[in-house]
Amino acid sequence: MATDNFYFVEGNSSVKDLVKTLVTEITQNSGIYKWDLVYPDSIDKIGSTGEGSTINLITDNSKTDKVETVFRIGSQNNKCIIKATTTYGKEFYLKIDRKESDLTKEEKEAIVNFNKLHSYYIGDGHYSNRTDAETLEYMAGLPTKGASSGTGNNELYTTYVSAMTKSNSINNIRLQISDKLNVDGTDLGISKSIQSEYNYRLAWYRKLQPEIKDFLPVQYWINVTKDSINLVLRGDPSADVHPYENYLTSYAYIGALKPVEDSAYTDDKYNFGITVSSDIEPNYSKVYGERTATGVTDVCMIANKIGMPYQPHYPAFYATNPFMDKCNVEGSRYNHKKHQFSDITLVHPVDMERGKMINVLVGDASAINDTDRLAYKKDTEEEEYYKKFKITAPYCFLNNSANINYCVAIRCYKTTK
1 MATDNFYFVE GNSSVKDLVK TLVTEITQNS GIYKWDLVYP DSIDKIGSTG EGSTINLITD
61 NSKTDKVETV FRIGSQNNKC IIKATTTYGK EFYLKIDRKE SDLTKEEKEA IVNFNKLHSY
121 YIGDGHYSNR TDAETLEYMA GLPTKGASSG TGNNELYTTY VSAMTKSNSI NNIRLQISDK
181 LNVDGTDLGI SKSIQSEYNY RLAWYRKLQP EIKDFLPVQY WINVTKDSIN LVLRGDPSAD
241 VHPYENYLTS YAYIGALKPV EDSAYTDDKY NFGITVSSDI EPNYSKVYGE RTATGVTDVC
301 MIANKIGMPY QPHYPAFYAT NPFMDKCNVE GSRYNHKKHQ FSDITLVHPV DMERGKMINV
361 LVGDASAIND TDRLAYKKDT EEEEYYKKFK ITAPYCFLNN SANINYCVAI RCYKTTK
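Once you know that position 313 of the sequence shown is 313 in the UniProt record's numbering, the rest is easy, because the numbers rise by one and skip nothing.
Derived by calculation from the structure, the hints in this document are not laboratory data. Even for Gly, the Cβ is constructed at its ideal location relative to N, Cα and C. Incorrect hints may have been included.
Calculated pairs, DSS-like style, for lysine-lysine (alpha carbon to alpha carbon, straight line, at most 27 Å) [claimed, not checked]: (1) Lys258 <-> Lys356; (2) Lys390 <-> Lys326; (3) Lys377 <-> Lys337; (4) Lys338 <-> Lys326; (5) Lys207 <-> Lys166; (6) Lys79 <-> Lys90.
If you anchor each label on the Cβ, the simulated ranges turn out as follows [claimed, not checked]: (7) Phe215 <-> Ser62: 27 to 37 Å; (8) Asp44 <-> Gln209: 26 to 36 Å; (9) Ser62 <-> Thr151: 13 to 23 Å; (10) Val112 <-> Gly31: 51 to 61 Å; (11) Arg373 <-> Asp44: 31 to 41 Å; (12) Lys63 <-> Lys286: 43 to 53 Å; (13) Ile404 <-> Ala375: 19 to 29 Å; (14) Asn182 <-> Asp379: 50 to 60 Å; (15) Asp44 <-> Asn182: 21 to 31 Å; (16) Ser332 <-> Glu106: 42 to 52 Å; (17) Lys192 <-> Thr151: 40 to 50 Å; (18) Asp262 <-> Tyr318: 14 to 24 Å; (19) Lys180 <-> Glu261: 26 to 36 Å; (20) Gly150 <-> Asp41: 49 to 59 Å.
Just need the whole structure built from these sequences, with the hints factored in.
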C-alpha cells in the first residue's frame, strides 16, 4: 500500500468561523505538510470583529415609530494570506477573504422600489410624495400616507432592510494566488484594482433565506501536502427546502502539478495554480489579455512555461461520451464491479500537457454516493483511498472537460470512514 504522505481531515464549521477553521487545519494541524500563515501575524486575529457601523434608513429627518429604521451592521476581518513552500523550493501565496455579501435580484429591486414609492398617484394627473418614514411604513404593509388600510404584507420592507444591512458574505469566500507580496507583506503583490476585478469565488450555497445568518454550518473535507490542497465544501442542506437546489458541493484545488512523466522538463518557477467552484458565472477579466484564466471554469496557473501570467489550463482524463444514455447501478459487470477513475492532466492551449493534479482523481459519478470511500489500485503496492464528491456548483473546471457529469475523488486515509 502507498504511504500516506499527506494530511487529511473532515469536519464542519459555522460560516462565521470557516476561514479561521480552514487556515488552522492548513497552517497548524497539518504537521510536516503545513503551510505558513503570513498575514495576519496571529491566527487569533482571523475572524476578529471589525468596527462595524450604524445605518439609519431615514435620510430626510422624517420620523416613525411603526417600523425599525436604525440598524447596527457588524463586520469581520477574515482577510489572511498563507504561504506554500513547495518541495522544489519555490514560495507561493494564497489570499483568502470573506468579503461583503452580494445583493440578490430581489434586494436590488427593493432599493429601486424604495425610491419609486416616494411618489404615488392621487388622481386627475396629479402625484403626491411620501417621506422616507412613510415609504418604509408603506413597504411594511402598514397604514400610511396614500395607503389608509395598508396591505399587511411586510416583504418589501424586510427585503429592503436586508439589502441595506449587508455584512460579510455567508455563501462564498474569495481566493487569490500570487508569487509575491507587497512591500509591507500585508497583501499580494497585485494592484488593488486588479484584485477587485480578478479573484476566484468559492461558494457553498446559491440563494439563502434572509433569516439565515453566519451561523450557517458548512462541512469540509481537505487534504494537504507541501505542494497542494484539495478542498471540498458543502453548505448544510438543513437551511434549504425542497427541491434542495440551493445548497452546493464545491471543490477547490490550490497548488502545484506533478510531472506527466519523470523525464519531463523541470516545472518549478510558475508551477502553482488554483481552481474553485462558483454559484455564479465567473468574471471574464482581460487584465492579462483575452486568454486570462477565470480560475473557475479552468485551472489558473501563475504563468505558462515562458512566463505569460495567469493562464488557463484545462482538464484531460479518460471519459465516456457525456451524452451516452447511461443507467449504471453497480459499476462494471465485467470488471469486478469497479468504477473507472483516472488522474487529471492539465493542458494549456499552447504549451499542451503540463502536469497532473495531486491527490485527486476524476471518474463516472453513477452508482456511487457522495463521501463513499474508494480503493484505487487495490491489493497492489500502490493502493490508495479516495472520497468521492459530485460537484453541484454550476460553474467549475469540469465545465470545460470531456464529461461535465463526472465527479472528483480526493485522497483520504485507509482508516477514514
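Quiz item: Looking at the structure, which of the earlier hints fail to hold?
Solution: Per hint list: zero violations.
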